[in-house]
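Q: Protein chains in written order, with our numbering: chain L, 557 to 766; chain Z, 139 to 366; chain S, 459 to 700.
Calculated directly from the structure, the hints in this document are not laboratory data. You may find that some hints are simply not true.
Selected chain Z positions facing chain S (in silico; Cβ < 8 Å) [stated by the list, open to error]:
no.	residue
1	Leu296
2	Thr297
3	Val300
4	Gly303
5	Leu306
6	Val309
7	Leu310
8	Pro313
9	Leu319
10	Ile320
11	Ala356
12	Ala358
13	Ala359
14	Ala360
15	Ile363
16	Val365
The C-beta atom is built at its ideal place from N, Cα and C for all residues, glycine as well.
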Amino acid sequence: MQDSGRQTGLEARSVHAWRGDRHVIRGLSLRVTPGHCLHLAGPNGVGKTTLIRILAGLIRPEDGSVLWRGEAVGHDPDAFHADTAFLGHDNALKADLSPLENLAFWSALAGRPAAAVAATLGAFGLQACLGLPVRVLSAGQKRRVALARVALSGASLWLLDEPFTNLDTGGIRLVEAQLAQHLAAGGMAVVAAHQPVTPDQGEVRRMELS
Amino acid sequence: MTARPGLWRVGMAVYARDLRLAFRRWEQAVQPVVFLLMVATLFPLALSPEAAQLRGVAAGVLWVAALLASLLALEFLFRADHEDGSLEQLVLSGHPLGWLSIFKVLAHWTISGLPLVLVSPVVATSLAVPASALAVVMLSLLLGTGVLSFVGGAAAALTLGVKRGGVLVSVLTLPLVMPALIFGAQAADLAIMGESARGPLLLLLALLVLSVSLAPLAIAAALRIGVE
Amino acid sequence: MWTWFHKLASPPHFYRIAGLTIPAFSWAAGLLVAAGLYGGLVLAPPDYQQGEGFRIFYVHVPSAILSMFVYATMAIAAAIGLIWRMKLAHAVAAASAPIGAWFTACALATGSIWGKPMWGTWWVGDARLTSELILLFLYLGYLGLRSSFDDLQRADRASAVLAVIGIVNLPVIHYSVVWWNSIHQGSTLLTPGAMPIAMKWPALCMLAGFALFYGAVLFVRLRGEVVRRERSAAWLREVLVK
Chain L
557 MQDSGRQTGL EARSVHAWRG DRHVIRGLSL RVTPGHCLHL AGPNGVGKTT LIRILAGLIR
617 PEDGSVLWRG EAVGHDPDAF HADTAFLGHD NALKADLSPL ENLAFWSALA GRPAAAVAAT
677 LGAFGLQACL GLPVRVLSAG QKRRVALARV ALSGASLWLL DEPFTNLDTG GIRLVEAQLA
737 QHLAAGGMAV VAAHQPVTPD QGEVRRMELS
Chain Z
139 MTARPGLWRV GMAVYARDLR LAFRRWEQAV QPVVFLLMVA TLFPLALSPE AAQLRGVAAG
199 VLWVAALLAS LLALEFLFRA DHEDGSLEQL VLSGHPLGWL SIFKVLAHWT ISGLPLVLVS
259 PVVATSLAVP ASALAVVMLS LLLGTGVLSF VGGAAAALTL GVKRGGVLVS VLTLPLVMPA
319 LIFGAQAADL AIMGESARGP LLLLLALLVL SVSLAPLAIA AALRIGVE
Chain S
459 MWTWFHKLAS PPHFYRIAGL TIPAFSWAAG LLVAAGLYGG LVLAPPDYQQ GEGFRIFYVH
519 VPSAILSMFV YATMAIAAAI GLIWRMKLAH AVAAASAPIG AWFTACALAT GSIWGKPMWG
579 TWWVGDARLT SELILLFLYL GYLGLRSSFD DLQRADRASA VLAVIGIVNL PVIHYSVVWW
639 NSIHQGSTLL TPGAMPIAMK WPALCMLAGF ALFYGAVLFV RLRGEVVRRE RSAAWLREVL
699 VK
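Excised from the complex, chain L in its bound form:
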């Protein structure tokens, strides 16, 4: 059926949200389908982070709905979360553990084999710091570890809030390469970022928030 293609993705319908007294998200609708990346752009404070957190399921919108593969997220939130990887402002890393130990934990929760952790960290240029405690890494390296966690999760939907923070040009290129690989394999992504998002593969649609 023609509609089945539209169903296999993330959709938001007329979402409204308040932060304190401010009506930040007013009746916003969007759709992301496999192989596509939605780039959320806009000035500081416009609501990019709030919107991504609503899509992730951390914030329940005051009005409107979020649908995953055609069904409301609330019907089976565990299944939705299992297939989603979220990267927020914080890296969710324990300073006293090494990148290997940190990601071994998260991959155990995601049901991924422990063997893949070292390889993924290598793909993000972190071969030299596998066993060092995270607290001695630079801000950019920590961000790379967090991004490696997303890549390792095996989720279909990536929700990334300012993924390029603290990264150098090499790091940005690495992330875009991983994103391209993800989109080419049929994955989806929503990225909130100030700079342009330019993966080699996959279509990027830009949505300006105001």
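Assemble chains Z and S onto chain L, guided by the hints.
A: Chains Z and S in isolation, oriented as in the chain L frame:
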């Protein structure tokens, strides 16, 4: 799509990680025990060192000291995870949040409650508690610190992100654990006087079962509110 | 029935209704309390065991019953607010808490004053007194938790969870005199035949008066909460200007 890992594997992963983190900073982890030892030393100094008088207050002193020591440690249950973003990842992990909370609370109890129980014979003896009563004292503390960790976990989850929320966590926890304190101190007291403590111990066990079943629900609800 | 409930839950509608009911509640409360006090302090015979000292019962028992009733209202409103995300329900819980705390403090204080001549002590560590004290701490904890959040929505929801958790204390208070050998006397007001009518009617008057007093103060505070929460709404500006 990858196969979802079993609940036990996930729970044990959470438990193991929290324990590993605590051991990396063991100087922080032993503080509740140190506190208990110090408080227990204060009482014979402040009251008379006469054995009969100490024995009369030993049950209460031991229990209140253990309570305060556990309360000190409660603040750390969710705070680190909340600050570095791990908590929202746990909420989004796709696993039942109540189930994950049980293992976090168990890890917290292993680090702060269990050592108190293990040290209690030493402290009890210094308060002139007869050796025959030590087993019951330990058992009452074992059950009581369990109740405290679970109920306190709910209070800690509710106060996520509150600045200087340490006192508030105690204020919220104390009313809810008072019954455990009453029964636990009663059990210890009966044992010290040489009588059977079965009644209060069973009630304490019931309270533990109640907290283990209900607290995770409250913790999950509170954590979701906290990460919004 | 649902439409009535839905209308009541709408802030502008509630604000209007409250304006009408507050004077009615206040007058009724005043009259009932006056009648109850007159009946209890002047008309009713002294207790054959406790003499005149018994008369503090007319303040103590209604306070205690209200302390539990207000908490139950608070917890139910909190649950409604959590489940159906109704802002007015959260406002009811927030407005009730200080009133309930005062009733609890009053019950504890009058109980203590009554206990001194009757039992020879200001306090005893039995189940009912302890659980009533726990109730006071729960109220104070609720208020403390509320005030520690800047974000009103977060304060509402976190304190609602706490209110619901604390509900387990209520059956303990009520049945404590049944489950344990308590020094506190058993239920008299609600048990038929336990009290002569001359003593009963003033107590019931006081109870009704206190309940209406709670209603009046609750609605006054609720209006304040509505104004605070809807301060940027257009309907409020019109109403206040009128």
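Q: Any CB of chain S closer than 8 Å to the CB of isoleucine 363/Z?
A: With Cβ-Cβ at 5 Å, under 8 Å, it holds.
Q: With chain S as the partner, please determine if alanine 359/Z meets the hint condition of a C-beta pair closer than 8 Å.
A: For alanine 359/Z, the interface hint holds, since the closest Cβ of chain S sits about 5 Å away, which is under 8 Å.
Q: For the hint on leucine 310/Z, does the least C-beta distance to chain S fall short of 8 Å?
A: Hint holds; leucine 310/Z Cβ to chain S Cβ min 5 Å, cut 8 Å.
Q: Quick check on the hint: valine 365/Z CB to chain S CB, less than 8 Å?
A: This interface hint is violated because 11 Å lies over the 8 Å limit.
Q: Let me know if the C-beta of alanine 360/Z comes in closer than 8 Å to any C-beta of chain S, holds or violated.
A: holds, 5 Å
Q: How about leucine 296/Z: closest beta carbon in chain S under 8 Å, or not?
A: holds, 5 Å
Q: Going by Cβ atoms only, is proline 313/Z closer than 8 Å to chain S?
A: holds, 4 Å
Q: Would the hint on alanine 356/Z stand, with a C-beta cut-off of 8 Å toward chain S?
A: Holds - the Cβ of alanine 356/Z comes within 8 Å of chain S, reaching about 5 Å at its closest.
Q: Under 8 Å is the threshold here; is the Cβ of glycine 303/Z close enough to any Cβ of chain S for the hint to stand?
A: Nearest chain S Cβ about 7 Å off; hint holds.
Q: Quick one, is the valine 309/Z hint okay against chain S at 8 Å, beta carbons?
A: holds, 5 Å
Q: Let's test the interface hint: is any C-beta of chain S closer than 8 Å to that of leucine 319/Z?
A: violated, 10 Å
Q: Interface hint check: leucine 306/Z, Cβ to nearest Cβ on chain S, cutoff 8 Å. Holds or violated?
A: holds, 6 Å
This entry does not satisfy hints 9, 12, 16, going by the numbered hints stated previously.
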